[in-house]
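Q: What follows is the residue order along each chain.
Protein chains: 2
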Amino acid sequence: MALQLYGFWRSLAAYRVRAALKLKGLPFVEHSVNLLAGEQHDPAYLKINPQGAVPALVVDGLSRPLFQSMAILDYLDHAHPTPALMPADPVDRSRVLALAHLCASDGHPLVVPRVRNYLQNTLQLDEATRNTWLQHFTMQALLAYERALSLDPRPGAYSHGDQVTVADLCLASQVVGAKLFGCTDFSGTPQVMSIFNALMKLDALQSSLPQNQPGAPK
Amino acid sequence: MALQLYGFWRSLAAYRVRAALKLKGLPFVEHSVNLLAGEQHDPAYLKINPQGAVPALVVDGLSRPLFQSMAILDYLDHAHPTPALMPADPVDRSRVLALAHLCASDGHPLVVPRVRNYLQNTLQLDEATRNTWLQHFTMQALLAYERALSLDPRPGAYSHGDQVTVADLCLASQVVGAKLFGCTDFSGTPQVMSIFNALMKLDALQSSLPQNQPGAPK
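Protein sequences appear in the order of chains C and G.
Going by the working numbering, the first sequence opens with residue 32, and the numbers climb by one from there.
Going by the working numbering, the second sequence opens with residue 32, and the numbers climb by one from there.
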C-alpha cells in the first residue's frame, strides 16, 4: 500500500514532507486534517499523532505512524536514500541540519495554530498585533538563515550545493509562510530568495505548495 | 585543542550539548555568553553563531563553529559514535527524533529569551501572564511526550530502552525548564518523570544541570 500522509493544505511542516516524498518519487495518498476546524485534537487523530499536529506518515509494516516533520524526513532519507536529502559527511550534515532547524525549530514553531490560537483567545490580541508577531518571528528566522549563508557560503543553486537538502525544504516552507503572513520586504534576504526561486522551479516543490493543494482557497 | 562550547548556565539547549559531551567523554571548555545581558547579539558573537543564540561548538580543524543543538548532537554522534545517542535502525531513529523534537522544536522555542523579551517588551505583558505562557507551552510538550510514550511504549529506563538518546537529552532539558518556570503539577506525566529521575542519576546529566554551572544563582 502507498504511504499515507496526514497533512493539511496550509501546514508548512506537511509541505516539507509532501515535497520530500515527491523528490524521492514515492507514491502517497494524503488525508486532510483540518487544522482550522481543530480536527488535530480529535481523540482518534491523537492516536495517529500524539502531538495533535500534522504531519504524520503511515508506512506499511511499521507498528506506528511516524510524526514530527524532521523525524519523518530522517526516516525517508535512511529508508529511501536516493536522492539523498542529507549529505554523508558529518560536518556537512551538521551545517544542513543547523540551517534546517533555524526554520523548523526556531521560526515555524512560533506561528503554528496552537500559538496563533493562544495569541488570539488567551491573550486577546487584536489581528494587527498578531500579524506583527507572525511576520516578526518568520522574518527573524530568514534573516538568521541569510547571515548563516553569508558566514559560510557554498557554491551551487541551493543551500548546500546543487543537491536539494532538508535545509532547502525548511527554507522553502519558511518563505511560503512569510508570504502567507503578508511579509513583503525581502531586501534583507537576497540569498534566501535566490535559493527559494531556484527551488520553485522544481515540480516537487511547486506542486506541493499550500495553495496548490485540495481545500486551499482560490 | 579541546572542544569549545559557547553556552550559558541557564540555556536549556546548551544543557543538551553539555550533557552529550560528558556522556561521550569528550573534554571541552565552556565560554559563557550571558543571554540575560544580551551578549548573544554582540557582532563578534554573531560571527560564531549567526543566529545569536547558544549553543555553538568550535571543533579544531573545522572552518566554522557548529550551531543549533540538534545539529551539534548529530555531528557528535557521527564523529564520536560511542556511546551512540541515536539508534541505527531508521524507524527507531525516527521515533527518537520525534520525541526529541516534541521538546526541542515545539516546546523549547516558545520559551527562549527572544520570545520572553517580546512578551515583556513588545506586548507589555505582566509577569503573571508571561509565567502562564511559559508554563503552558512547557507542559504542553511534556504532555505530548507522555502521550507518545503511552501509544508506543518500550521497555527500559529511558525513552528508548536502556541507552540514553537525544530524546532523553531533550526530555531532561524540557523538565528542567518546567522546574525553572515554576511548574509543580507533574501528575499528568508519570512516565516522563520516571525517565527524568533515572537520567538525573547519571553524572553527565546531573553535573551539566543549569544550577550546577558557574554563574548560576546559589
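Some clues are possibly wrong.
If several chains are the same, the list does not tell them apart, and a pair holds so long as it fits within one copy or across any two.
Unchecked claim - Taking lysine to any residue and the SDA-like style, the derived pairs with C-alpha atoms no more than 20 Å apart in a straight line are:
hint: 1; residue 1: Lys78; residue 2: Asn148
hint: 2; residue 1: Lys53; residue 2: Arg147
hint: 3; residue 1: Lys78; residue 2: Pro221
hint: 4; residue 1: Lys53; residue 2: Asn228
hint: 5; residue 1: Lys78; residue 2: Ser225
hint: 6; residue 1: Lys55; residue 2: Pro248
hint: 7; residue 1: Lys78; residue 2: Arg145
hint: 8; residue 1: Lys249; residue 2: Gln151
hint: 9; residue 1: Lys232; residue 2: Glu70
hint: 10; residue 1: Lys53; residue 2: Leu77
hint: 11; residue 1: Lys78; residue 2: Val122
hint: 12; residue 1: Lys78; residue 2: Leu182
hint: 13; residue 1: Lys78; residue 2: Arg178
I should point out that these hints are in silico values taken from the structure, not numbers from a laboratory.
Q: For a quick check of understanding: which of the numbered hints are violated here, in increasing order?
A: 1, 2, 5, 6, 8, 9 and 10
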